[in-house]
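S.K.: Note that our numbering numbers the sequence shown so that position 289 is 1070, with each residue one more than the last.
Derived from the structure by calculation, the hints contain no laboratory data.
Just so you know, even glycine gets a beta-carbon here, dropped at the ideal spot from N, CA and C.
Heads up, a few of these hints could be off.
List time: in silico EDC-like cross-link candidates among lysine to aspartate or glutamate, alpha-carbon distance up to 16 Å [claimed, not checked]:
hint	residue 1	residue 2
1	K1077	E841
2	K1066	D900
3	K847	E868
4	K1066	E1054
5	K1062	E999
Label-pair distances were calculated between CB atoms; the ranges are [to be verified]:
hint	residue 1	residue 2	range
6	Q822	C928	23 to 31 Å
7	L1050	R1024	58 to 66 Å
8	G1064	G854	47 to 55 Å
9	S786	R1061	44 to 52 Å
10	R963	K847	32 to 40 Å
11	H1048	G855	35 to 43 Å
12	R1024	G933	37 to 45 Å
13	S1058	V936	26 to 34 Å
14	D840	H1063	13 to 21 Å
15	H993	R1024	18 to 26 Å
16	G1047	E894	26 to 34 Å
17	A835	R963	33 to 41 Å
18	R897	Q929	16 to 24 Å
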Amino acid sequence: MVESSAIQVRVPASSANLGPGFDALALALGLYLRCTLRKSQQGLQITVSGTDTATIPHDESNLIWKAFTRLAGGQTKSGVELEIVNEVPIGKGLGSSAAAIVAGLALANEWFELKRSKDEIIKIATEMEGHPDNVAAAVRGGLVVSCQTEDGTVVAVNSPLQANLEVALVVPELQLPTEQARAALPANYSRPDAVFNLQRVALLVSALREGHPDLLAEAMRDRFHQPYRAPLVPGFQEILELRGIPGLLGLALSGAGPSVVAFCSGHTLEVGEAIASCFRKHGIKAATHQLPIDSKGLVVKRVA
């Protein structure tokens, strides 16, 4: 390690599933977790600013720090200051835990000059997170297709995005724990539902790759998770039924929810407002964001 340097990392939020792509697709979005690690004379110091700071621990229970120590192993970790600037809403289906894990691993990788590849970081992050979709998008950026082989190997591949898209993200003031969202899903699916989703996830990837935004409304339909999670998110069923909104191409629950992501051809703020109004009808406030798709993923740099 270069003693006088600090390490900075930037990790994007991510939206997984995208309708039919359950546990297989994720898209990196232009909301970021930024962390800086530098030497300190006072042991471990963690400072936090930005979004949802009250839920981010300032001690060794911090998930970023846990990931850092996971990769650091027995190497010296005391005497550092970790500065966290967070834009990613926590517990809202936007890959906040994946971003934290990736940030911690990337900091340790650079701090101790371990030279782990991005694929290795994705593998370790998946072990900590439990599934690869969000961590793969956080590391690689863009639209990522991921899976785990039977021996646990993680395969993650970027899929090109040729469609000219804008993204509206609506984040309701509603907590939906991932465990609760997972528990709502059935243990088994019928063959017609499996075929339905297989057809649409193939169509979705092809439509995005080949530039057919007109197909997104059909391609983002789903029978694996959204129908079962809709009762947990007041207003979401009405959101799924939105039609005739200028600019709206297709929408989906982001990850396990409760946030909603929509692909748009312009009129992004209007689309976001139409979605937010469905939440407000149920007495739930919601924030609307007009976001770029992040194409870089994890960014690491050493600064003086």
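S.K.: Take the hints in turn and mark each one as holding or not.
M.R.: So, going through the hints one by one against the coordinates:
no. : hint                      : verdict
1   : K1077 - E841              : violated, 29 Å
2   : K1066 - D900              : violated, 39 Å
3   : K847 - E868               : violated, 20 Å
4   : K1066 - E1054             : holds, 11 Å
5   : K1062 - E999              : violated, 26 Å
6   : Q822 - C928: 23 to 31 Å   : violated, 46 Å
7   : L1050 - R1024: 58 to 66 Å : violated, 19 Å
8   : G1064 - G854: 47 to 55 Å  : holds, 49 Å
9   : S786 - R1061: 44 to 52 Å  : holds, 48 Å
10  : R963 - K847: 32 to 40 Å   : violated, 21 Å
11  : H1048 - G855: 35 to 43 Å  : violated, 55 Å
12  : R1024 - G933: 37 to 45 Å  : holds, 43 Å
13  : S1058 - V936: 26 to 34 Å  : violated, 40 Å
14  : D840 - H1063: 13 to 21 Å  : violated, 37 Å
15  : H993 - R1024: 18 to 26 Å  : holds, 19 Å
16  : G1047 - E894: 26 to 34 Å  : violated, 46 Å
17  : A835 - R963: 33 to 41 Å   : violated, 25 Å
18  : R897 - Q929: 16 to 24 Å   : holds, 19 Å
Of the numbered hints given earlier, the model fails hints 1, 2, 3, 5, 6, 7, 10, 11, 13, 14, 16, 17; all others are met.
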